[in-house]
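Trainee: Here is how the chains run, residue by residue.
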Amino acid sequence: MKKVYGTASEALEGVLHDGMFIAAGGFGLCGIPELLIAAIRDAGTKDLTIASNNCGIDDFGLGILLQTRQIRKMISSYVGENAEFMRQYLSKELELEFNPQGTLAERMRAGGSGIAGFYTKTGVGTMIAEGKEVKTFDGQDYILERGIVADLSIVKAWKADDTGNLVFRKTARNFNPPAAMCGRICVAEVEEIVPRGSLDPDQIHLPGIYVHRIVQGTHEKRIEQRTTRKKEDA
Amino acid sequence: MTEAPKGWDRNRMAARAAEELEDGMYVNLGIGIPTLVANYVGDKDITLQSENGMLGMGPFPFEGEEDPDLINAGKQTITELDRTSYFDSATSFGMIRGGKIAAAILGAMEVAENGDLANWMIPGKLIKGMGGAMDLVAGVGRVIVVMDHQNKAGESKILRECTLPLTGKGVVDRIITNLGVLDVVPGGLRIVELAEGISEDQIRAATQAKIVD
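Which chain is which? The protein sequence lines are S and F, in order. Using the numbering used here, the first residue of the first sequence is number 1, and each one after it goes up by one. Using the numbering used here, the first residue of the second sequence is number 1001, and each one after it goes up by one.
Here chain S stands alone, though its shape is the one from the complex (with noise of 0.2 Å):
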């Protein structure tokens, strides 16, 4: 069982193809893979449908697939902040599938639990809802939400061993863990790959099940609203 691959790119060998399903972690420009999406822009795949939360700005994060025309569609729950994106929505040249945020994180939940579907109450009489099962229990509407399977999963984390469990930092964690459960294959990019048996067992938060492959790297981490306060405001 080997894991670690030396590069992002090594790490995403034999796994990429046009047409392909990508299930990608992060929120905003907080603990996204952004090696492997350098990896997979530099691999030039094309006619990408990817399940992210966001779509990066225009020059980091998922963003930079949008500049090489490399996506064909998103689904995501929020996509302001970039404007390329806002202009291949409007001339058509990108498809957009909105999902409530909690609703795309369940979706990924449940397609990497073997779980079909579920019924949520989220979108209930919104546009959300077209097209969709609504069925009643106890008297509340609820509408059908299918879970989803990727082709791939991409998602960073904050320190692997080489088994693949990882553990993540802070609100970097968000939809990492569920968008690593619904690949068939997972690729995990770590700032550190650490000695096996020094991770607490206890305080893993993805057991290496879901990771296949996995590559060490250096992270830019951009911020994308940078608020402070001052010492004397304290």
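One or more hints might be untrue.
[Claimed, not checked] Listed next, the in silico SDA-like pairs over lysine to any residue satisfying Cα-Cα at most 20 Å (straight line):
(1) S:Lys221 to F:Gly1064
(2) S:Lys121 to F:Gly1099
(3) F:Lys1210 to F:Glu1161
(4) S:Lys221 to F:Glu1080
[What the hints assert, rightly or not] Some chain F residues well away from chain S (every beta-carbon gap over 10 Å; in silico):
(5) Asp1009
(6) Arg1010
(7) Asn1011
(8) Glu1022
(9) Tyr1026
(10) Arg1142
(11) Ser1156
(12) Pro1186
(13) Lys1210
Because the hints were derived from the structure by calculation, they are not lab data. All C-beta atoms in this analysis are idealised placements derived from N, C-alpha and C, irrespective of residue type, glycine included.
Since the structure of chain S is already known, use the hints to place chain F on it.
Mentor: Frame of chain S; chain F shown alone:
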């Protein structure tokens, strides 16, 4: 000729919204004026949830202490508290949909007299997405909208029916605006409170929705 009184400013609206919160509550605050509510909770023991995966959200960091791994749902850098916990997005929305969050305070583009809420898109103009708003309004115990009573053109944002795509149907419990506080009740809206200097006639005139006694 003097202008009609405008009522509460953003901070007064936030302070009024903070009065809705009770000791021990887990609360989710939206972007904009709702974020300011955190400044007015005083001594109440309130735990703020950020739907990107955090309970126990702290204030903005001091300059130089920003952490790119620690942001709120508005993508702003924040800090943790001694009570903080982190979790993934599926767990986060599990607690939202599961009714564990006592209240959500959020902004709106339109609210209707039946509690319908629209705050996520303007067709052909603004396409950003609903983020977590649809899950929040479907799942939390109480939905409180904080917004200006009228738009920049002076038109009521509190309507008989929403004209924009809905975020949720019949989900709003209370509306706090610059002019006062209204509750969604059977048959329409009931005036609960008037902002300082605002008359009942003024709030009625500024409201397209049906106001009931």
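Trainee: Does the no-contact call for F:Asn1011 survive, Cβ to all of chain S over 10 Å?
Mentor: With a cut-off of 10 Å, F:Asn1011 remains clear of chain S, as the shortest Cβ separation is near 15 Å.
Trainee: In terms of Cβ atoms, is chain S entirely out of 10 Å range of F:Glu1022?
Mentor: Check passes; 25 Å lies beyond 10 Å.
Trainee: Would the least Cβ to Cβ distance between F:Arg1010 and chain S come out above 10 Å?
Mentor: holds, 17 Å
Trainee: With 10 Å as the threshold, tell me whether F:Lys1210 passes as away from chain S on beta-carbon distances.
Mentor: holds, 20 Å
Trainee: Does F:Gly1064 sit within 20 Å of S:Lys221, going by the straight-line distance between their CA atoms?
Mentor: holds, 15 Å
Trainee: Decide, holds or violated, for the assertion that all CB atoms of chain S are farther than 10 Å from the CB of F:Asp1009.
Mentor: The assertion about F:Asp1009 holds, with a minimum of 20 Å to chain S.
Trainee: Given the hinted pair S:Lys121 and F:Gly1099, is their alpha-carbon gap at most 20 Å?
Mentor: holds, 11 Å
Trainee: Decide, holds or violated, for the assertion that all CB atoms of chain S are farther than 10 Å from the CB of F:Pro1186.
Mentor: holds, 17 Å
Trainee: Against chain S, does F:Tyr1026 keep a CB gap of more than 10 Å to every residue?
Mentor: F:Tyr1026 clear of chain S: closest Cβ-Cβ about 16 Å, beyond 10 Å.
Trainee: Between F:Lys1210 and F:Glu1161, does the CA-CA distance stay at or below 20 Å?
Mentor: Satisfied, since the Cα-Cα distance of roughly 10 Å is no more than 20 Å.
Trainee: Does F:Arg1142 sit more than 10 Å from chain S, CB to CB?
Mentor: holds, 16 Å
Trainee: Does F:Glu1080 sit within 20 Å of S:Lys221, going by the straight-line distance between their CA atoms?
Mentor: holds, 19 Å
Against the hints set out earlier in the document, no violation occurs for any number.
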